[in-house]
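Make a model of the complete structure from these sequences and hints.
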Amino acid sequence: MDFGLSDEQELLQETVRGFVAKECPSPKLREIFEGQDGYDATLWDGMVKMGLGGLVVPESYGGAGLELLDLALVVEVLGEGAVPGPFFGHSLATLALTLGGSPEQKERWLPQLASGEALGTVALGEDNQAWDPAAWTAKVSEGQVTGEKAYVPYGERADLIIVGVGGGGLVAVTRESSGLKVEPVNGVDRTRRLARVTLQSAPCESLPEAVADRVRDAGLVLLAADAFGGASKLVSMAVEYAKTREQFGQPIAQFQAVKHRLADMITEIEPARGLYWYAAHAFDRIPDEAERAAALAKAHLSDCFMQLARDTVEVHGGIGFTWESDVQIWFKRAMFDRTFLGAPAYHLERVAQLADW
Amino acid sequence: MDFGLSDEQELLQETVRGFVAKECPSPKLREIFEGQDGYDATLWDGMVKMGLGGLVVPESYGGAGLELLDLALVVEVLGEGAVPGPFFGHSLATLALTLGGSPEQKERWLPQLASGEALGTVALGEDNQAWDPAAWTAKVSEGQVTGEKAYVPYGERADLIIVGVGGGGLVAVTRESSGLKVEPVNGVDRTRRLARVTLQSAPCESLPEAVADRVRDAGLVLLAADAFGGASKLVSMAVEYAKTREQFGQPIAQFQAVKHRLADMITEIEPARGLYWYAAHAFDRIPDEAERAAALAKAHLSDCFMQLARDTVEVHGGIGFTWESDVQIWFKRAMFDRTFLGAPAYHLERVAQLADW
Amino acid sequence: MDLSYSEEYEEFRREVQAFLKGYWPLQGDEAKLSHREQATLFRERAIAQGYAARAIPKRYGGSEREADVLKARIIGEEFGKAHAPGDIRSIGASMLVPTLLEHGQEWQKERFIAPTIRGEMVWCQGYSEPGAGSDLASLQTKAELDGDEWVINGHKVWTTGANIADYMFCLCRTEPEADKHGGISYLLIDMKSEGVQVSLLRQMTGTADFCEVFLNSVRIPAENIIGKRGEGWNVSRSTLKHERNMIGSAEASRATFRSLLKFAKGVQLNGRPALEDPVIRQRFAQIEGYVTAHLYSGYRQLTLAARGQEPGLAAMLNKLTSTNIGHMLAKLAFDLVGDQALESPSGDEVMNLKPRGGQAWVSQYMWSLGIAIAGGTANIQRNVIAERGLGLPRDRAVQRSN
Amino acid sequence: MDLSYSEEYEEFRREVQAFLKGYWPLQGDEAKLSHREQATLFRERAIAQGYAARAIPKRYGGSEREADVLKARIIGEEFGKAHAPGDIRSIGASMLVPTLLEHGQEWQKERFIAPTIRGEMVWCQGYSEPGAGSDLASLQTKAELDGDEWVINGHKVWTTGANIADYMFCLCRTEPEADKHGGISYLLIDMKSEGVQVSLLRQMTGTADFCEVFLNSVRIPAENIIGKRGEGWNVSRSTLKHERNMIGSAEASRATFRSLLKFAKGVQLNGRPALEDPVIRQRFAQIEGYVTAHLYSGYRQLTLAARGQEPGLAAMLNKLTSTNIGHMLAKLAFDLVGDQALESPSGDEVMNLKPRGGQAWVSQYMWSLGIAIAGGTANIQRNVIAERGLGLPRDRAVQRSN
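Chains as they are written, first to last, in this note's numbering: chain S, 1 to 357; chain F, 1 to 357; chain P, 1 to 402; chain C, 1 to 402.
It is possible that some hints are incorrect.
Unchecked claim - Okay, the calculated beta carbon distance ranges per label pair:
no.	chain 1	residue 1	chain 2	residue 2	range
1	F	R30	C	R272	56 to 62 angstroms
2	S	A355	F	E10	52 to 58 angstroms
3	C	K265	F	E59	45 to 51 angstroms
4	C	D68	F	E324	45 to 51 angstroms
5	S	D356	C	R89	32 to 38 angstroms
6	C	R272	P	R388	45 to 51 angstroms
7	S	D356	C	E44	43 to 49 angstroms
8	P	R202	S	Q200	34 to 40 angstroms
9	F	E324	S	Q353	45 to 51 angstroms
10	F	E324	C	P115	50 to 56 angstroms
11	F	G65	P	D68	31 to 37 angstroms
12	F	E104	P	R65	45 to 51 angstroms
As the list claims (entries may be wrong) - List time: in silico DSSO-like cross-link candidates among lysine-lysine, alpha-carbon distance up to 30 angstroms:
no.	chain 1	residue 1	chain 2	residue 2
13	P	K180	F	K243
14	C	K180	F	K243
15	C	K142	F	K243
16	P	K331	C	K331
17	S	K243	P	K331
Derived by calculation from the structure, the hints in this document are not laboratory data.
Yeah, the Cβ is synthetic: ideal placement off N, Cα and C, and Gly gets one too.
See below:
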């Protein structure tokens, strides 16, 4: 029994961490955050060159052939750095095709997605919090899809959109499809831009395997991993600030109220890393437990992230509420992680149902 | 508009407070607490002599003719002192007869109850948290009542028991009734003893007016008032302890963690006194709002009381968890106030329903 | 306990209602004036009638009436129902004017009070600095007397309304040799003075409700000081005392509670009305307990004040109670807003987009509650409650640094 | 990440299972012995087999095996399933024995370890005093050397099992001139000595799980000291280190969670099964998040230990996490227990009544969790996490008093 990472996995995290430190330090991050479309070609190209574009794509299609746990480990590090860009949607699209595509579809799309030649994304949720595949209403008829998908990561930029449709199926729509309208959403998280996708008899291809639930579960795990990374980063920001900010002639970290709050913050997040590790591992190896573990990890970690974001603002005082402070960037990522694919209360109820409580 | 007490009401509280300080100081309280039946004849006689036995009994029947607000103000002070004895059940019995009895029944019973010659109590709840009059199952047939009443304050000692029956009615049963079995319950709160009352075709008299809901509401207000008094007392115990207990060469009140917790404790309870004042006032004067105000006051204040009891134990450290410490006496009264007549969650749901949410 | 008003007060209420019926909204040509002009005009009439500026002597432009919290409350209620402009709620009226009345020289009162209460002169407050937040008295902005002028250099932050203010009341260090609190003076700065530079401080919501003010060799007349040199700290404390409000914070909490409840009635959560969700119902009922307690505590403080008694400890708790309720409401709002939490809380100048959907105001208000939670303010409040309210020992670091 | 055991370990597990099948429960005449005698007998065989006392050298009665957390875990799992008596979980075995191994003299190890790990010698811990709780080092119990004996006077509290213990390991002040921590020695007291008086400390539940020990001119041999004079504080710290447990607290939390869940499945709340109440469901799921996180953190620490790496910060959080979970579970239990909260949590000797109903154990356990919440312990934990874990400045008062 080994509840830990392999040397390769630790190396992977370190490599990505080094890349982020070098290619996406705070000034760069803020530039993209403030920018028009939350996308930086150099940064994305760098990630793709590292092989991050096709982490879970089989080697036979030009990918790294890794598993969800590896992908989640990378997402943790990207969450730590609040790295902006289309990685989340792209990864889920590659996973959807890998799990559910026909050999021909894989052949056609996966190499391009892995190499970064094409950008993928997923269009899952619909209005009224319809995140559950069973609740989707987009309709497919004679190779054409019609419907509204509410929050599509980097929908404006994606070449390929994996769209969730009624009955829990997935179809692929390309950028060039007629009947495809993509409008930017004025999203809260400027590091992960969203679009609203309207499909009006848009030509599409169905993925033959029914993997929508699996893709949703993978998404939950990745949001949980991002939340763990982001929350850990917030705690270190709060700790650093408290050590340096002085009031009444001493660092505020000297005040027991602040000191104990910081202790509570690290106690909230540090033990929770295993929740996303286990959920990813279950996705890869223990299918019976995967769905519930994913729901629990997402509910718990995204709620922690949000709470720690509030705490971090409070530790910072007024400055923490300014645009100028970097805290806001993670605060808004916390809002994204908490809300996207369904709020904690929703997934906690699923946790209860899936255990037959 | 005047949201405050009259001079008479302030005097009433001061008088009772003086009585409690003199007649029920800690050693006396502990003696009764440890004792066989949680009853002290001298203490009860003293209370009756002050007129507390018939506070809400009309003057024409030998009482003080006061209102529920006055009664609640007395209960607050008794809660502060954790005064043991049958006051709660007795008061509700006098109220039930005053509101719901026939002239003949009032004539027969109220003077005895007001003078303390006879002791009254109420048998409301049944097993499975059946506190709501609509949920009662005791059956009346041809002047005889049959059923099980779960938690009857001082049921062993009462001369007259007002019993809640199916359909939400109230009947009076006397100590001498055949078919009446009273067994002591090993209750948590040794200052308010309980009994289980089994009625097997016990002769009874119905009260002609349907006042069970009113009696229940009055009970909720009195528990809220007791909770306010008890919680306030706990906060002062915690404050006093923190000022005197030294660790690391200073009073623990000097540690910000303790200091802030005490500030949070007083902030929790002090503003909430108006909840029971208003609920009592509504009972007396604003019938449309009485039921909901009573439910809100009981839910809020009894929950505060329990939370502050936990907090007070924590401020005291290990000593707070001992039998020897007086904290336990209020801790257990908090358990009583929180549970009796239904837990906070139950009444919060009623608050929602009564507002048509 | 009597929750009705006595006949005297009901009569007063009818008078107020009659006045409002006759004078608001303005009629005829007056209705064509700008809203601000209309407000000033109406306010003058309300002052003449004794319905505004009641605590201000007539010679400074007030209506000089005997303090009567119940009448004040009736005026507030009736003006509120009629949406009529009553006492101006500016920082100048609520903080500077009481300070002037207590500590100002005669010429200062004559010059500043009347235009401030009419809303013609707008003030901002220059207290906080980048290095002086909860430890306000550590402020570093310097003022040196040069002939008959103060020369001021420094940097103020969180200055609400500095971009539209005519004047700033400001704490500056004038006696560098004195101890921490003893070296501060309370000065009035004309915002049009040379060397005053105001910039907006953008919040994480994207909007800018606060300013920074840079003071670069700003010169003001030596006479623009309230109280004596080095007494500014105490002068400003009396300002903070006036800032306290026995009932306002509770009524604001209740208003927010009600609007969130109203919002919840129109919201679906996971396929059913949000208010049918038992968890949401419990949370609303729980918060209602706190909101109602807070409100009744305000009524009680009001009653004590009307009787000439001290509200004591209860008054010290109002602010922390409001903050706590704000916390609970913001968290609940968060869970009600659903997927709109994915959308920006404000218009976005970069993308030039407005928030979608008529209910976007909720996310706006969810964020604005967020402001209340920021800062060491709640901890400072806890210190005050513990030390002044419960008589617990003072904080050693705070004591040492004084 | 590999949550299965490798073949080597599966083989080891089969060996353990085979041993248990052969030896537990005892058969024939041995089955007629008292439970305690059976346990001692079986434990000796388990030690011989290498399934108990693995860290203890053979010459002190142990089985002296190489440290292997996974094997230890397998033994724990299999002995648990078979309800077989494994390593004795006494305070002597978990705290005194490791201390003796690290600091004891040869004769002390030989004399005390073997009977302690066999369960024949029972210990209690004399640390806390009425005036020395979270500030343990302020203890006042005095020991003075008189010839070849220590003469001890003082008063210890919260001494679990003092009423049945043979010996107490005890902190006493032996160097009154030394500084706070430097004046303490670690002594071993025979509980049968004259002047030792034990009384039960009754808790608010009505039961007595703790004792007070009064030491009145108690004389013990001078050689009954572990470490040198004045080094007792450090000796005791190593004891506390041994007390830490990477996984035990998490497994205990999970066991409590499961038993509460099981209880909830049989409970009705307001006329329907408690687990159908959406609020209760949410709370269980929320707590499961914390319990599961805690457990996985334990697995990770175990894995790091197996790899010879330091668990670091994570290990410092175990205790506070357990306390937090205990809080949540106790509160939930409170809401599940319904009207049984009106009943006494323990038998009542005064009224000679037992708690009614088969589920009365819940209120029992609701209270026992209460114990964990008492005391400044959680705040001390927060200090440790903040100072040693996050590198924040030390508490001034604590520092000053050292």
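Verification of the hints:
1. R30(F) / R272(C): 56 to 62 angstroms: 41 angstroms, violated
2. A355(S) / E10(F): 52 to 58 angstroms: 56 angstroms, holds
3. K265(C) / E59(F): 45 to 51 angstroms: Violated: the Cβ-Cβ distance is about 55 angstroms, outside 45 to 51 angstroms.
4. D68(C) / E324(F): 45 to 51 angstroms: For D68(C) and E324(F) the Cβ distance comes to about 47 angstroms; the hint holds.
5. D356(S) / R89(C): 32 to 38 angstroms: 34 angstroms, holds
6. R272(C) / R388(P): 45 to 51 angstroms: The hint (45 to 51 angstroms, Cβ to Cβ) holds, given that R272(C) and R388(P) are roughly 49 angstroms apart.
7. D356(S) / E44(C): 43 to 49 angstroms: At 45 angstroms between Cβs, range holds.
8. R202(P) / Q200(S): 34 to 40 angstroms: 39 angstroms, holds
9. E324(F) / Q353(S): 45 to 51 angstroms: Cβ of E324(F) to Cβ of Q353(S): about 48 angstroms, so the range 45 to 51 angstroms holds.
10. E324(F) / P115(C): 50 to 56 angstroms: Since E324(F) and P115(C) have Cβ atoms about 35 angstroms apart, the given range 50 to 56 angstroms is violated.
11. G65(F) / D68(P): 31 to 37 angstroms: Holds - the Cβ-Cβ distance for G65(F) and D68(P), about 34 angstroms, lies within 31 to 37 angstroms.
12. E104(F) / R65(P): 45 to 51 angstroms: Taking Cβ atoms as reference, E104(F) and R65(P) lie about 58 angstroms apart, which means the hint is violated.
13. K180(P) / K243(F): 29 angstroms, holds
14. K180(C) / K243(F): Holds, at roughly 23 angstroms.
15. K142(C) / K243(F): 27 angstroms, holds
16. K331(P) / K331(C): Status holds; Cα separation ~21 angstroms.
17. K243(S) / K331(P): Holds: K243(S) and K331(P) sit about 29 angstroms apart, inside 30 angstroms.
Checked against the numbered hints above, the structure breaks hints 1, 3, 10 and 12 and satisfies the rest.
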